[in-house]
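J.: Residues per chain, in single letters:
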Amino acid sequence: MTTMQRIQHDRTDGSHEPNESSPFAPQTPQEVEAMLSAIDADSVEELFDVPEAVAFDGDFDVEAKSEYEVRSEIEDLLGRNADRTEFLGRGHYDHYVPSVVDYLSLRSEFLTSYTQYQPETSQGFLQALFEFQSMIVELTGLDVANCSMYDAATALGEAALLAARVRDTSGSRVLVPETIRSERRSVLENYADGAELTVETYPLDAGNTDLDALSDLIDEDVVMVYAQSPTARGAIEERLSDVASLADDHEAAFCLGSDPVALALLKEPAAVGADIVIGDASVLGLSASHGMGLGLFAVKEGYLRQVPGRLVGTSETADGRRAYTLTLQTREQHIRKERATSNICTNQAWVALRTAIHIASLGASGLASLAEECVTMASEAAARLEDVDGVAAPVDDRHHFREFVARTEVPATEVVDELADRGFLVHEVGEFEIQVCVTETNSADLDDLVAAVREVLV
Amino acid sequence: MTNETPDDLQYTDSHEWIDDRGDARRIGITDFAQDELGDVVFVELPEEGESLESGTACAVVESIKAVSDIYTPVSGTVTATNDDVLDRPELLNTDPYGEGWLFEIDGQVPDDALDADDYREQTE
Amino acid sequence: MNYRQATWERETDSGESVNEPLLSEKRTETVTHDDVDLPDELVREELTLPEPAEPEVASHYTRLSQMTYSVEHGPYPLGSCTMKYNPKFIEDVAALDEGSIHPDRADEDAQGTLAILHGLQEYLAEIGGMETATLQPPAGAAGEFTGLLVARAYHRSNDEDDERREVIVPASAHGTNFASAAMAGYDVVELPSDEDGRVPVDALEAAVGDSTAALMLTNPNTLGLFERDISEIADVVHDAGGLLYYDGANLNALLGRARPGDMGFDIMHYNVHKTFASPHGGGGPGAGPIGVVDELTDFLPDPHVRETDDGSFEFYEPAESVGKVHGFHGNWLVLLKTYAYISRLGDGGLKDTSAMAVLNANYLASQIDLDVPYGPFHHEFVASAGDVDAAEFAKGMLDEGVHPPTTKWPEIVDEALMTEPTEALSKDQLDVLAEAFTATGQKTPEELSEAPTTTAAGRIDQTSAARNPRLSWHDVEADDE
Chain L
1 MTTMQRIQHD
11 RTDGSHEPNE
21 SSPFAPQTPQ
31 EVEAMLSAID
41 ADSVEELFDV
51 PEAVAFDGDF
61 DVEAKSEYEV
71 RSEIEDLLGR
81 NADRTEFLGR
91 GHYDHYVPSV
101 VDYLSLRSEF
111 LTSYTQYQPE
121 TSQGFLQALF
131 EFQSMIVELT
141 GLDVANCSMY
151 DAATALGEAA
161 LLAARVRDTS
171 GSRVLVPETI
181 RSERRSVLEN
191 YADGAELTVE
201 TYPLDAGNTD
211 LDALSDLIDE
221 DVVMVYAQSP
231 TARGAIEERL
241 SDVASLADDH
251 EAAFCLGSDP
261 VALALLKEPA
271 AVGADIVIGD
281 ASVLGLSASH
291 GMGLGLFAVK
301 EGYLRQVPGR
311 LVGTSETADG
321 RRAYTLTLQT
331 REQHIRKERA
341 TSNICTNQAW
351 VALRTAIHIA
361 SLGASGLASL
371 AEECVTMASE
381 AAARLEDVDG
391 VAAPVDDRHH
401 FREFVARTEV
411 PATEVVDELA
421 DRGFLVHEVG
431 EFEIQVCVTE
441 TNSADLDDLV
451 AAVREVLV
Chain X
459 MTNETPDDLQ
469 YTDSHEWIDD
479 RGDARRIGIT
489 DFAQDELGDV
499 VFVELPEEGE
509 SLESGTACAV
519 VESIKAVSDI
529 YTPVSGTVTA
539 TNDDVLDRPE
549 LLNTDPYGEG
559 WLFEIDGQVP
569 DDALDADDYR
579 EQTE
Chain C
583 MNYRQATWER
593 ETDSGESVNE
603 PLLSEKRTET
613 VTHDDVDLPD
623 ELVREELTLP
633 EPAEPEVASH
643 YTRLSQMTYS
653 VEHGPYPLGS
663 CTMKYNPKFI
673 EDVAALDEGS
683 IHPDRADEDA
693 QGTLAILHGL
703 QEYLAEIGGM
713 ETATLQPPAG
723 AAGEFTGLLV
733 ARAYHRSNDE
743 DDERREVIVP
753 ASAHGTNFAS
763 AAMAGYDVVE
773 LPSDEDGRVP
783 VDALEAAVGD
793 STAALMLTNP
803 NTLGLFERDI
813 SEIADVVHDA
823 GGLLYYDGAN
833 LNALLGRARP
843 GDMGFDIMHY
853 NVHKTFASPH
863 GGGGPGAGPI
873 GVVDELTDFL
883 PDPHVRETDD
893 GSFEFYEPAE
903 SVGKVHGFHG
913 NWLVLLKTYA
923 YISRLGDGGL
933 KDTSAMAVLN
943 ANYLASQIDL
953 DVPYGPFHHE
963 FVASAGDVDA
973 AEFAKGMLDE
983 GVHPPTTKWP
993 EIVDEALMTE
1003 PTEALSKDQL
1013 DVLAEAFTAT
1023 GQKTPEELSE
1033 APTTTAAGRI
1043 DQTSAARNPR
1053 LSWHDVEADD
1063 E
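Residue numbers (my numbering), protein chains in the order written: chain L, 1 to 458; chain X, 459 to 582; chain C, 583 to 1063.
Hints were generated in silico from the structure; no laboratory data involved.
Be aware that a few hints might be false.
[To be verified] One-sided and incomplete, this derived list gives chain L residues near chain X with beta-carbon spacing under 8 Å:
| no. | residue |
| --- | --- |
| 1 | I335 |
| 2 | R336 |
| 3 | T376 |
[Stated by the list, open to error] Below, a list of computed lysine-lysine pairs in the DSSO-like style, where the Cα atoms sit at most 27 Å apart:
| no. | chain 1 | residue 1 | chain 2 | residue 2 |
| --- | --- | --- | --- | --- |
| 4 | X | K523 | C | K1025 |
| 5 | C | K990 | X | K523 |
| 6 | L | K65 | C | K670 |
| 7 | C | K1025 | C | K990 |
| 8 | X | K523 | L | K300 |
Even glycine gets a Cβ: it sits at the ideal position worked out from N, Cα and C.
This is chain L alone, in the form it adopts within the complex (with noise of 0.2 Å):
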């Protein structure tokens, strides 16, 4: 036998004993002998050509459990995050996923498969991005859309990086509304570092964009423009089509965030004039998931050959049966390395497959009630906030997707620690706001909150 003592597996879930083997390695004593044998080896540590003077030969002090343990431990660890109600939203958000998504994504043939790198094989997988890819198409109006980016943030940043490509000249400045959120600014950031581009923010006015303030600022230096609808502060932005038309003015290019949700009703982005919309899709497809993402990424076609990130298209056999590919690889890394459009290789699409099946059980018409509501749900909850003596709702006079900011007279920290302790959460965004994000999720604590508030502010 070897220096290294292999035992046989401990097979049982409940009682255990120290492991010394991977349970998911499924070598016996025996093949080990064998297999080292075969090779004329005496020993597995033979086979590690580390020099001494870099080995390791301490412990990492994390003591082997069973299955159970470890499920115990974890379910333990997690019970310590409170039970909150949550009204949160600003850039994530909480919509049912049905169980069919968790179904069949959940089969092994999906969760367990790689990068469609020999497509003969992997025909199924690729079906189910080109149709989230189609779908994304669908809600944006627009040409393209790439199978995902990591998150909405790092979407932004590649946005930025693509409008700084293709421009015929060249520019630094990119032009972001005051209101996106802190985190998703620095992302830009440090993606457009790199490039040597500057984000600056434009201010709005009563909710929405600040034209003159944007009209002033704007140059032929700027690369691009983006806004949101709806906006970190949930309003539907009304003026993009004039935000298009300065964008386009200077040759800068003009980015929308939004969501697939908002898309589903709102007026689609490229009747509005964007060059390319950016998103969280995982809205729809992952429960909250402490802020995991699904970068949205679609582009008008002209900006095809400047996309990041992986894209399936359709081919055809030997035999002529369609079929499904990745396509136009060469802008991609392992293909460009350092003049690739992106450094993206691990995606997101597993998630983009658990949107794709989410939109397709809600179908057109389910999804587009679930806009519907978000409408609803939001100027319903203002009312009944606005109602409340000591608040009012919304503080921006404008149409609002789901959530709304509220004024309160009592100190916004007070009020959302006070909220907390009586079990619901939502944002401090202001001095004297906050900000409530309702769904399909919490609507049903609604009257809950609203009695939760009305005694906060007696």
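Since the structure of chain L is provided, determine the placement of chains X and C on it from the hints.
T.: Below, chains X and C alone, put in the same frame as chain L:
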């Protein structure tokens, strides 16, 4: 299989051909180059009127799995581009010295251009 | 092996032969928003999407799944990708409701999530020999980019960013290394391998200098070889004032045997979807945490997790943080699965993972007829298909019921077949895989050119896909007309 190397053209180390047509020099990629690349799926050309230094990358030829920069062997101003290859990149494969030409430029053929024999020797 | 993948070939209404119609070719619905309380100019005129009933959704995606080869079907020895078994229980752990919280919760309402993030920071630091690790980067390439942002912030803090404009990358490195360096604003200097397939120290000495920001290296390298001169390499880079970056794609070879921190690396990323078994999901999501040495912890992304005096956990912004690389906290569900996997294996299981991965690669290489020009290799080896085009060889292997290796890369080996069986293949499955290599080697060029014949689709015309891109069902419809 041997590649075609017409005697009446001149060549570069980086597999471009030069056809001296009197008032301009026509540039394309050689039969050897298109064969190495495989099916060409996309071509990017310089702009007409653009002025180029010899040796600068001014066009791109892509196959499924490779990207090649095309370096102009001639300095000067681009006088014509072959826009047909933008829609039909396969012309570079089927007729690299004919319909698959890339652009024309008004400068002179450089002294270090190879003749057909030298280029054949280099690619054997 | 007698193998056949499922397919449900039929004709669509337009007469096209397909394996399974698109959702859009079944039933669609066009809806309008007549009752919504918004001005018309803000509302789209109509929306057209598929409208399948749930049984149709289930059938559609079940069929698609069965036209997708996966790790659980059999060998999937893609070199550099570490396609190992993904334990089932980690999915159940990730599905726990208590773990699915909004990213904006206050620290006191998210103590469980923070405890796990902190625990994973510590696990990864220990495994890599680093001071701590940030979990925010959502993939390996994002980790590389983040690591280079950290390197750049470090050089900026020393007022050296203006001159340190180069990142050195070995020619055989992953393509992401080049692309990440470019995205971080660096010029890439490519370093050719020496004849043994390793980094030549003399060439490195010539390449480094005042303009060097970092060297990016993977160890074992893409040929599976340990860079034996690693200590010397580290000295050369450090003496020049540069930082040493470790690409963690090949960490599965070294768990418990060697740590990047001990080798002299300053920054590293971990591909948790490779080394720590979170599933690849058809291309993602993964996670690419980066570990750093003590001197660099102040530059890590915002926020980082720390334990407070009272034993609770909190997010904080490191003093000279590079800011954010993900809009929230990265791919949480993937990180949670990683924590569960490491907890399950413990020290012994982690060490055994590398032992069995290396043994499997060595055994497999001994059982195939092809030349493996470089060694001694560890968890992967690069065989040469010889006179046969490696891409054609791969198509032939598909008909043997296995997934082929990574092909044509690294380029230092002619017609490369980069093969990584991982620890998860049993001896029996390794023998099946070896037999697939042998059977494929016996195929004639003509047979290979017609392969595969057992998969849902035969050989696909890549040229037509690229010359005439059809990227959505709208393009397919337009093409039909």
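J.: Flag every earlier hint the structure violates by its number, smallest first.
T.: 3
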